[in-house]
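Asks: Below, each chain spelled out in residue letters.
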Amino acid sequence: MNSTIPLFAKPSLAKVSVARGRIEIRSFTRSREAMLFTLLFPVILLLLFGTIFGNEEIQGVKYAQVLAAGILASAVASASFLSMAISIAVERDEGALKRLAITPMPRAAFFLGKILMVAFTSIVGIILTLTVAVLLFGVSLPSSPGRWLTFLWVTVLGITACTLGGVAFSSLIGNARQAGPMANLPFVVLNFASGIYISFWDLPKGMQILGSLFPLKWMAQGYRSVFLPDTFVSQELANSWEHGRTALVLCAWCIIGGVLCVRTFRWLPREK
Amino acid sequence: MEIATDVVVEAQGLTKQYKTSKGRQSQNKTVVDQLSLTVRRGEVLSLLGPNGAGKTTTVEMLAGFRQPDSGTINVLGGNPWKADVAWRSRIGIVSQQTPSSDEVTVEEVLKCQRTYFPQSRAVDEVLELVGLSEQRHQRVPKLSGGQARRLDVGCGIIGRPELLFLDEPTTGFDPEARRQFWDLIRLLAAEGTTILLTTHYLDEAEALADRVAVIIAGKVRALGTPAELRNASGSEATVRWGLGAEANEQQTSEPSSLLRDLLSRFDGEIPNLSISRPSLEDAYLTLVEANAS
Numbered sequence: 001m002n003s004t005i006p007l008f009a010k011p012s013l014a015k016v017s018v019a020r021g022r023i024e025i026r027s028f029t030r031s032r033e034a035m036l037f038t039l040l041f042p043v044i045l046l047l048l049f050g051t052i053f054g055n056e057e058i059q060g061v062k063y064a065q066v067l068a069a070g071i072l073a074s075a076v077a078s079a080s081f082l083s084m085a086i087s088i089a090v091e092r093d094e095g096a097l098k099r100l101a102i103t104p105m106p107r108a109a110f111f112l113g114k115i116l117m118v119a120f121t122s123i124v125g126i127i128l129t130l131t132v133a134v135l136l137f138g139v140s141l142p143s144s145p146g147r148w149l150t151f152l153w154v155t156v157l158g159i160t161a162c163t164l165g166g167v168a169f170s171s172l173i174g175n176a177r178q179a180g181p182m183a184n185l186p187f188v189v190l191n192f193a194s195g196i197y198i199s200f201w202d203l204p205k206g207m208q209i210l211g212s213l214f215p216l217k218w219m220a221q222g223y224r225s226v227f228l229p230d231t232f233v234s235q236e237l238a239n240s241w242e243h244g245r246t247a248l249v250l251c252a253w254c255i256i257g258g259v260l261c262v263r264t265f266r267w268l269p270r271e272k
Numbered sequence: 001m002e003i004a005t006d007v008v009v010e011a012q013g014l015t016k017q018y019k020t021s022k023g024r025q026s027q028n029k030t031v032v033d034q035l036s037l038t039v040r041r042g043e044v045l046s047l048l049g050p051n052g053a054g055k056t057t058t059v060e061m062l063a064g065f066r067q068p069d070s071g072t073i074n075v076l077g078g079n080p081w082k083a084d085v086a087w088r089s090r091i092g093i094v095s096q097q098t099p100s101s102d103e104v105t106v107e108e109v110l111k112c113q114r115t116y117f118p119q120s121r122a123v124d125e126v127l128e129l130v131g132l133s134e135q136r137h138q139r140v141p142k143l144s145g146g147q148a149r150r151l152d153v154g155c156g157i158i159g160r161p162e163l164l165f166l167d168e169p170t171t172g173f174d175p176e177a178r179r180q181f182w183d184l185i186r187l188l189a190a191e192g193t194t195i196l197l198t199t200h201y202l203d204e205a206e207a208l209a210d211r212v213a214v215i216i217a218g219k220v221r222a223l224g225t226p227a228e229l230r231n232a233s234g235s236e237a238t239v240r241w242g243l244g245a246e247a248n249e250q251q252t253s254e255p256s257s258l259l260r261d262l263l264s265r266f267d268g269e270i271p272n273l274s275i276s277r278p279s280l281e282d283a284y285l286t287l288v289e290a291n292a293s
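Protein chains in written order, with the numbering used here: chain W, 1 to 272; chain F, 1 to 293.
What the hints contain is simulated information worked out from the structure, not anything from laboratory work. All values derive from a computational prediction rather than experimental measurement. All the given hints hold, so there is nothing to weed out.
Selected chain F positions facing chain W (Cβ under 8 Å, derived; list incomplete): (1) A63; (2) F65; (3) S89; (4) I93; (5) Q97; (6) T98; (7) S100; (8) S101; (9) D102; (10) V104; (11) T115; (12) Y116; (13) F117; (14) P118.
Cross-link-like lysine to any residue pairs, in silico, SDA-like; alpha carbons within 25 Å at most: (15) W:K98 x F:W81; (16) W:K98 x F:L143; (17) F:K19 x W:L172; (18) F:K82 x F:D6; (19) W:K98 x F:S70; (20) W:K15 x F:V140; (21) W:K15 x F:R114; (22) W:K10 x F:V109; (23) F:K19 x W:L268; (24) F:K82 x W:T264; (25) W:K15 x F:D124; (26) W:K10 x F:V123; (27) W:K98 x F:L163; (28) F:K111 x W:L112; (29) F:K82 x F:S36; (30) W:K98 x F:Q97; (31) F:K82 x W:G95; (32) W:K98 x F:Q67; (33) F:K142 x W:M35; (34) W:K10 x F:F65; (35) F:K111 x W:A119.
Glycine included, each C-beta is placed from N, C-alpha and C at the ideal position.
Using the sequences and the hints given, assemble the complete structure.
Replies: Right, dumping it as structure tokens:
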């Protein structure tokens with residue numbers, strides 16, 4: 001045996017992942033663009049639409065309540081899909097991913113670090129949205145544990161699906177300067193097509209079909225089942241909260257997103 | 001395959017082509033062409049060559065993030081393209097790159113970087129070595145070009161690599177920072193680190209390298225110690241004397257006898273006398289010109 005090779009002690013995955021998560025969160029919270037566009041933007045839209053249409057009523061429920069449920073879905077998708085798509089596209093283009101790939105960092109630690117960042121920013125996004133919704137628009141929080149359980153699984157599945165989708169989407173973005181606009185374009189379109197600002201049941205049929213293909217519509221519907229009274233279910237197109245179908249679509253997107261990630265993820269920037 | 005333990009890098013017949021597209025036609029451009037290279041344990045080998053000569057591509061193939069089209073590579077006893085985490089922890093890489101735009105501090109970057117390696121240096125030690133102690137709390141996007149480059153070097157050496165790849169590491173350094181960097185390389189070399197240094201600064205290669213490989217158009221055109229390369233371009237010295245219309249210049253392999261002759265011809269001072277040997281720069285430029293035609 002070759003005695004010059006030292007015994008290799010593998011750095012622990014947990015330790016490296018926590019270090020990655022810490023530096024990701026620091027970098028995110030110190031970036032004004034990231035804070036503004038991925039965390040504050042949904043809340044700003046809640047304030048705008050809530051102020052303009054907040055007092056209109058749908059089936060005895062204030063529009064602000066319906067809007068808040070939708071904005072919550074949008075905030076979660078923003079903290080996961082948008083922040084992943086943008087940050088990874090920028091890091092790939094700047095060569096930061098290459099810099100990491102040539103170190104012995106366990107590759108899983110990079111993704112676990114990103115997951116820690118998404119978990120952190122999603123929680124901040126949820127707290128921000130709910131605080132504004134409760135304090136300014138009188139939205140009431142659910143009291144039954146069953147509803148909080150729904151809240152939990154919709155959030156976890158939604159974040160997972162959107163995070164994987166964001167990582168996959170980053171491969172379509174050619175350079176750092178395009179990252180923000182390119183990721184925001186489908187995001188804004190889907191916000192409208194998923195009935196976030198304008199109620200889903202009022203949308204044209206084609207838009208409804210488009211929205212139904214992606215996770216955001218189902219996340220918003222899931223949150224409506226958490227924050228709106230049971231009688232409101234009659235507004236839904238299927239006359240049901242469709243929890244089973246919601247779980248199915250979100251799980252399907254986790255699988256599709258996961259496969260796309262594995263097939264498209266690149267550590268090296270595009271050749272110039 | 002058994003390789004001698006004092007050989008750290010062994011590359012044979014490396015070839016790499018890139019596709020270049022001109023309108024609708026795509027052509028293949030050969031960037032590295034049948035290149036062979038050996039680096040011995042503990043030496044500082046400098047890859048010297050003009051821009052576009054294939055230096056960076058060569059380093060990228062040796063470091064395992066570009067796959068050669070053909071040829072064999074053995075680095076630290078393994079194939080870099082199929083390298084595992086254990087292999088990666090034995091090398092350090094400072095590649096040419098755009099500085100990160102992440103709003104994190106110098107210290108935070110190094111603290112994170114050191115968790116990747118099994119036997120890393122302390123953050124304070126690295127800050128001291130690369131001369132960034134005063135900038136430890138500064139955000140990376142606020143660093144000057146040279147400071148950002150020193151942070152790259154810090155990230156490259158924090159894992160105590162056996163083999164260090166440095167791709168044009170002193171780009172953007174002021175003269176003082178370059179001297180400090182040279183001291184650092186000498187220190188690392190004295191610790192036994194094998195260093196592959198890519199540069200287009202001749203003085204850098206001359207100051208640091210045990211051996212220099214001149215790469216032109218994807219091939220090694222000359223290989224040897226700086227002194228050997230100088231002598232290869234001709235051992236004749238150039239003797240110059242006289243002013244204005246009286247100026248003389250003579251190439252000679254025996255400058256001492258020419259000097260004795262001059263001393264007897266001139267009464268007192270010989271005006272404007274100089275004797276120069278070919279520098280590495282002369283040798284290098286001769287090689288580049290010879291291969292340009």
